[in-house]
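Chemist: Sequence:
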Amino acid sequence: MNSKKQKIFIDSSILVEFKKQSKTELLLELIANSNIELVINSTVLSEYTFYLLAIEGEKAPRTIKENQEINSIISKDQPEDFLSLFTVLQNGNEIIKEFLELMKKYNLLPNDALILASCKLNNIKVLASFDKNDFTAACAGEHIQLVQSIVDFNNLNINS
1 MNSKKQKIFI DSSILVEFKK QSKTELLLEL IANSNIELVI NSTVLSEYTF
51 YLLAIEGEKA PRTIKENQEI NSIISKDQPE DFLSLFTVLQ NGNEIIKEFL
101 ELMKKYNLLP NDALILASCK LNNIKVLASF DKNDFTAACA GEHIQLVQSI
151 VDFNNLNINS
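In this text, residue positions in the sequence shown follow UniProt numbering: the first is 1, and each later residue adds one.
Just so you know, the hints here were simulated from the structure itself, not pulled from any lab data. Since the model is a prediction, treat every value here as computed from it, not as a measurement. Incorrect hints may appear among the rest.
Under the rule of at most 30 Å between Cα atoms (straight-line distance), these lysine-lysine pairs were calculated in the DSBU-like manner [what the hints assert, rightly or not]:
# : residue 1 : residue 2
1 : K125      : K97
2 : K105      : K132
3 : K76       : K20
4 : K65       : K20
Beta-carbon label-pair distances, calculated as ranges [stated by the list, open to error]:
#  : residue 1 : residue 2 : range
5  : K4        : A140      : 20 to 30 Å
6  : A140      : I74       : 34 to 44 Å
7  : S42       : K76       : 15 to 25 Å
8  : A140      : K97       : 36 to 46 Å
9  : K4        : N67       : 27 to 37 Å
10 : K105      : N155      : 23 to 33 Å
11 : K104      : F82       : 33 to 43 Å
Here a beta-carbon is modelled for each residue, glycine too, at the ideal position from N, C-alpha and C.
Please model the complete structure; the sequences and the hints are all you need to start from.
Modeler: Structure representation (structure tokens):
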């Protein structure tokens, strides 16, 4: 990876809205910028794939599992190429203390705390998310810029 690239953590809300074709502009802008490395963690991978099953299967993921439809949905959608656009971060045991502290400090649910902890432990200063209520205070408190729109992204001053 090019160490000069600006790393931006992509929350599952960005990926899900892109998949639903309801909010695509921000992710398209980020993908098009050659100075950015888009990163996720296994939490985002799991959340996105869970919603993918619901969106493509048009029913609850538990029902899809019970009906043995996971294989057909994943085979039809083939999300690997899309997901390969992102670098998946690996975290060690150091994330345990960090994410628990973030849960307590900002009243975050576990997955949101894991995302924020991944940013902190990997020195990622920008988080793209449509979940304003979940991340606004926590990002401000941890000096991580929250990007929710192309306007926010353009304010980062990253050259394309």
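Chemist: Against the structure shown, which of the earlier numbered hints fail to hold, in ascending order?
Modeler: Those not satisfied are hints 8 and 9.
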